[in-house]
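Residue numbers (our numbering), protein chains in the order written: chain V, 1 to 575; chain S, 1 to 77.
Among these hints, one or two may not hold up.
Cut-off 20 Å, straight-line C-alpha distance, at most; resulting in silico cross-link-like pairs (SDA-like, lysine to any residue) [claimed, not checked]: (1) V:Lys553 x V:Ile405; (2) S:Lys71 x V:Asn324; (3) V:Lys177 x S:Tyr36; (4) S:Lys2 x S:Asn12; (5) S:Lys16 x V:Lys553; (6) S:Lys14 x V:Glu426.
Per label pair, the in silico range of CB-to-CB distance [as the list claims (entries may be wrong)]: (7) V:Ile573 x S:Leu18: 55 to 65 Å; (8) V:Ile573 x S:Asn12: 34 to 44 Å; (9) S:Ala42 x V:Thr560: 25 to 35 Å; (10) S:Glu40 x V:Gly216: 27 to 37 Å; (11) S:Arg59 x V:Tyr443: 52 to 62 Å; (12) V:Ser15 x S:Glu77: 35 to 45 Å; (13) S:Lys2 x V:Ile573: 53 to 63 Å; (14) V:Ile236 x S:Arg59: 41 to 51 Å.
Treat the hints as calculated values from the structure; they're not laboratory data. Just so it is clear, CB atoms sit at the ideal spot from N, CA and C, and this is done for glycine as well.
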Amino acid sequence: MKKIYLIGNPNVGKSVVFSRLTDVHVISSNYPGTTVEFIKGYLSLGDEKIEVIDLPGTYSLESSSSAEEVAVSLLREYPKDEIAVVNILDSTNLERNLLLTLQLVEEGFPVIACLNMCDDAVHRGVHIDIKKLEEIIGVPVISTCAVTGVGIKLLIDRIKEAKPISRKKLSHDERWKEIGYILEQIQRLEHRHHYLREMLEDASVRPISGLIMAAGVIYASFKIVRFIGESIITKITDPFFYGTIQPLLEKLSIHWQEKSFVFHLLIGDLINGKIDFKQSLGLLTTAPYIEFGMVLPYVISFYFVLSLLEDIGYLPRLAILLDNLLHRLGLHGYAIIPVLLGFGCNVPGILSTRVLESKRERFIASTIISIGIPCVPLQAMIVGLLGVFGGFYVGGVYLVLFIIILILGFILNRLLHGYSPEFLLEIPPYRFPPLAMLARKLYFRVKGFVFEAVPIVLIGVLVVNILLYFGLFDIVTGVFAPVVHGLFGLPKEAIVALIIGFLRKDVAVGMLAPLALSAKQLFIAATLLAISFPCIATFIVLWKELGVKDLIKSTLIMLTVSIIVGTMLNFVILR
Amino acid sequence: MKKVSLVHLKPNHKGKVLEILGGMGLQNRLMGMGIYVGKEIAKLSYIGLRGPVVIRVDRSVLALGHGMAAKIIVETE
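Same shape as in the complex, but just chain V (with noise of 0.2 Å):
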């Protein structure tokens, strides 16, 4: 056996089937010339390590999307005897599940068909006859709670069992009739009376009532973020840093010089002949505090809501509710999830753009998150400090970024050309995950935002610091002073917080704190922060996924609105 695939309709738990087959080191790949990506993994069965691929989701071997072309490019790679396929089927879903089934057993592939969320079934009065099913459709067929690991070694066990088989290839009628067959024969269906979680599911994607849930969701999720963010920095970080940190390095900075480069490197400037972990802009100081004193705490709890809210499967309902304003802006309903990961980092959230259909949508969602949707870590320190001067400030940001997004949205749909297609999405039941999973999801996350960001802080503030040291940004404060001094009304050092918001933003904010800003200025430089040029991240990400002509045009709008609303912010706000 040279491969193992894994295929079946999307939500019907492939990848927990997958994680519960192989190692935890998975490559993720993505088919040469498109922007589908598939799963590789290896799974040791006896003294062979078999490669396991778990491909997208599909509904139907007659491809209609671009997901289910590579599917089945993929299947039709090797000879059908030197593969298995292994078909997973939502078990509370039967009717449509058995249409891939089929298909694939008709075109001859070596199948076993893998019946999971066995305990959903159970607690939705579904009753399947596995061994009448087995030996209708020819196949071994496994029922499986890919959760809770039941039945995973049976699977494992059996999978040399599939063997291709001869069946008669049906027209599209025969096939439903044949399900439908099937089905009498081996489903019984108890009736349930509706539970709570029945009536949720349904009340949320209703109009007024899915509007209704949906601002509460978003509601609670911004508490509860801030709540977890704000309890990990004054439990945890904080005490950290202020507690032991602080200490360890006074007692270090006896041993240089004041002024030295060695101690301006390492501490910074002292602030009111203290370590300022805010102000004083070291590679000891500053850089450790800004990505684990304020950024990873909310890291942490932003990931956490979201893969929380994406694995209970609330995020389609949302799509669907906000589909008709999403359209006044040139998107779809679906375009929501690639903004909400906007808000963990840009870079995810203009990769997931690949989701949506036309190249049109790509570029004006592309464009709204790199301009509106602020990160994480920007969003850390923008609250960290603007919010000493209240969160009616704060608040304030988020409003005017809501807004330049409606604004901008808007033009662009009248301006270019083209067309959105139409959606077909499926609203999955919701589903608890496993607090185990959840955790393995975070940790990813996190682990991912650990080891890529905090190298690039690293070298931020290292850059930071030797150019003030030799006083380098004299010369290009003054070329700007003009445009940051008159028509922001910031004073003219704020241009290399703006340049190095090029770098990273977290460090961009972080260097307005010396400044000594009004709050109206911190605000405008707050602002101007999250809306100008990307991070170079984003940027590097933006260029692949557009492509260089509409990278330019993306960044010609990002500098023209960066300067509108600069100036506008600047002479419309009177405090």
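Starting from the known structure of chain V, arrange chain S on it as the hints suggest.
Same frame as chain V, now just chain S:
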């Protein structure tokens, strides 16, 4: 027996699919989701005048864009 598009079908009502006003591409896409001529579907809701239409097919819930829903003609009382 009335013939209406999915857009005009009243919420919480059922209908049997009579016709799909589209080419093979649309028909195949819908077929993969379990929607085909003769299938009974129930409309759950619609979001706004030109918003998505939410339907139940067997035991899955699907949301269709307004344009797509307008092309699915069902028979209902």
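query = Taking the beta carbons of lysine 2 of chain S and isoleucine 573 of chain V, is their distance inside 53 to 63 Å?
reply = Given a distance of about 58 Å, which is inside 53 to 63 Å, the answer is holds.
message = Holds or violated: the 34 to 44 Å window for the beta-carbon distance between isoleucine 573 of chain V and asparagine 12 of chain S?
response = Cβ of isoleucine 573 of chain V to Cβ of asparagine 12 of chain S: about 50 Å, so the range 34 to 44 Å is violated.
Given pair status - tyrosine 36 of chain S, lysine 177 of chain V, alpha carbons within 20 Å = holds, 12 Å
ask   = Regarding isoleucine 573 of chain V and leucine 18 of chain S, is the given constraint of 55 to 65 Å on their beta-carbon distance met?
value = holds, 60 Å
ask   = Does 52 to 62 Å hold as the CB distance between arginine 59 of chain S and tyrosine 443 of chain V, or does it fail?
value = Given about 34 Å between the Cβ atoms, the range is violated.
ask   = Within 20 Å, alpha carbon to alpha carbon, are lysine 16 of chain S and lysine 553 of chain V?
value = violated, 48 Å
key: Beta-carbon spacing of isoleucine 236 of chain V to arginine 59 of chain S - inside the hinted bounds 41 to 51 Å or not   = holds, 45 Å
message = For the hint 25 to 35 Å, verify it against the beta carbon of alanine 42 of chain S and that of threonine 560 of chain V.
response = Given range 25 to 35 Å: violated, Cβ gap about 49 Å.
message = For lysine 2 of chain S and asparagine 12 of chain S, compute the direct alpha-carbon distance and say whether it is at most 20 Å.
response = holds, 16 Å
inquiry  = Check the hint pairing lysine 14 of chain S with glutamate 426 of chain V against an upper bound of 20 Å on the C-alpha distance.
reply    = holds, 19 Å
ask   = Between lysine 553 of chain V and isoleucine 405 of chain V, does the CA-CA distance stay at or below 20 Å?
value = The hint holds at about 17 Å.
Glutamate 40 of chain S versus glycine 216 of chain V beta-carbon gap, inside 27 to 37 Å or not = Taking Cβ atoms as reference, glutamate 40 of chain S and glycine 216 of chain V lie about 34 Å apart, which means the hint holds.
When each numbered hint is compared with the structure, violations occur for hints 5, 8, 9, 11.
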